[in-house]
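Colleague: Using the hints provided, position chain B relative to the given structure of chain A.
Number of protein chains: 2
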Amino acid sequence: MQAAHITATGGPDSIKVGTLPDPVAGPGEVLVRVTASALNPIDLYIRAGTVPMALPNPFIPGCDFAGTVEAAGPGVTDIKPGDRVWGSNQGLLGRQGTLAEKIAVKREWAYPSPPGVTDEALAATALVGITAHLALFRNAGLKAGEFIYIPGGTGGVGSMLVAMAIAAGAKVLCSVGNDEKARLAQSWGAETVVHRRDDIPARISAFTGGKGLDAWIETQREPDFMTMVPAMAPRGRMVLIAGRAAQPVFPVGPFYVKGLTLTGFAMFNATAQEQAACASDISRWLAEGKIRTPIAGRFPLSQAAEAHRFLEASTLGMAGQVVGKVVVNIG
Amino acid sequence: MQAAHITATGGPDSIKVGTLPDPVAGPGEVLVRVTASALNPIDLYIRAGTVPMALPNPFIPGCDFAGTVEAAGPGVTDIKPGDRVWGSNQGLLGRQGTLAEKIAVKREWAYPSPPGVTDEALAATALVGITAHLALFRNAGLKAGEFIYIPGGTGGVGSMLVAMAIAAGAKVLCSVGNDEKARLAQSWGAETVVHRRDDIPARISAFTGGKGLDAWIETQREPDFMTMVPAMAPRGRMVLIAGRAAQPVFPVGPFYVKGLTLTGFAMFNATAQEQAACASDISRWLAEGKIRTPIAGRFPLSQAAEAHRFLEASTLGMAGQVVGKVVVNIG
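If you're matching them up, the sequences are chains A and B in order.
First residue of the first sequence? That's 1 in the numbering used here, and the numbers climb one at a time after it.
First residue of the second sequence? That's 1 in the numbering used here, and the numbers climb one at a time after it.
Just chain A, with the same shape it has in the complex (with noise of 0.2 Å):
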């Protein structure tokens, strides 16, 4: 079969594409044929060596994967040939990745597609979807009616947290970098802040009605915490999932008194069975047309190398100028 794959960690010039040996659905397993792969910054982060993390060599890139399953393994009774599947988590914790014509997944990693939603748009929601999902209801136990505060609104997890708020009936506020960015989140349902214009504590204690947030989801990487903990109401929940390098101070009074709770986490770390439970939301919110995922670039398996160069100058280099997912089609 065809793959990228990369044999050392190194820029995006280090990925190759050609021929790999097909995989075998081992036991427990399916064999996919894959249709659909996306990009999330993860992926660059590994094949630069910035995340170490055991690889096999070759290593075949890629988390996310739409496709069709070609042969089920010993022991898999519940899946066929033919069956639509979608998934995230390959290439992650020493599993081969989705930037390949075939690939064999763990039955409990591959969810049923829906009836009448693409491929492109499964393998474009599945990482940011299923973190979105745990850090929504899993961590931050969002509920209809509460008020959620989203920096970083349009980006790849963001644009997710924004639509699954308000299909959970929460008010959003989210940030965004520009007027261009804060019509498109609008058009979504959320209030918007401007980054670096707009007084952001009055803007959320306007929004909330002097209540202050019941929930803030930080998908940017310097945390401020000393201005969030007071902007939370009573028992409100706080959530990081990025910021590696941040080391900002904590005021350790108001968060206590006010009964807050801080969570975060890696996606990559949460159970199987945890990311199923919000594959299923995610496969009906696309169903119903409840949560949709810009595409900002297409590429070939053939470019799989330009599509790393083409996100990490959006990611890094262009400070988030693009709105959407960057897709692999593969066959």
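Each hint should be verified, as a subset may be incorrect.
Remember, identical chains collapse to one label, so a pair may be satisfied in a single copy or spanning two.
Mimicking SDA-like on lysine to any residue, the simulated pairs with C-alpha atoms at most 25 Å apart in a straight line are [said to hold, decoys possible]:
| hint | residue 1 | residue 2 |
| --- | --- | --- |
| 1 | K258 | A272 |
| 2 | K16 | E120 |
| 3 | K290 | W188 |
| 4 | K16 | V51 |
Derived by calculation from the structure, the hints in this document are not laboratory data.
Modeller: Quick look at chain B alone, frame taken from chain A:
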């Protein structure tokens, strides 16, 4: 009735003891003849005005109480004169406190006293016991066999945390100030480290066999996240219950990647229902001898100011040289 009271916040000398009108049990309340009360640091902060709260004037300080029901107010049918009760949470959020011969208490804040346990032990255990129970079980979700670290393990709340964690089947490491306190905590069943002498991260690593801590309850005023976040196991739970002025640096990366949880609370913001759930365990554990509360000093009601002065000196001035609670015996 005789009662301690203040007419303005200030030093211990602002507490006078004299005659105030007897309270009356209103709808849903019980009138309790108090036999024992106990002091907590929050009493000092409210009296001094450093934790501002709306106060009646004159204000009777004191949170904890144990005694005997003298009358049940309208609508109270499940408790009767002569029943022994205990509780905490009076003298907070606008309520009158417990350094008085009689108090009117909402039924939901009065718990049945277990036979064979003295009123002094119940009063001394009330606020610290409920605080420790909330921290260990509601907030940290502590389970049998887990590893927990408790700085300040012979303090008021600290000694309760140690006793309850052991009662729950957890493995307990606590920090103490000197060898005498270490022997005391070891006699309760805890491992110990001594502040400013032992290498605490190395001791935590050895204690947990390299796994890291499942729970850390910080009772002291300067939490050190840079030391403690790396010492936690994946999905570990960190709880703050002190440190109003602390603003330490917070390492975001290891916190979120390990999926840690940080929560905090001020005990007086817990609901009556949450506290009653703690009280039933506390009554049972006291009756079974699984927890015990050291008494550092006993004062009659007429010496309420002296009791405050003693606790203030021990808490702030003597850097925790005194182990145990300060009890006020009444009537």
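Colleague: Taking the hints in turn, state whether each one holds.
Modeller: Going through the hints against the structure:
| no. | hint | result |
| --- | --- | --- |
| 1 | K258 with A272 | between (34 Å within a copy, 17 Å between copies) |
| 2 | K16 with E120 | within (23 Å within a copy, 76 Å between copies) |
| 3 | K290 with W188 | within (10 Å within a copy, 56 Å between copies) |
| 4 | K16 with V51 | within (20 Å within a copy, 64 Å between copies) |
Every hint, counting from the list given before, is met by this structure.
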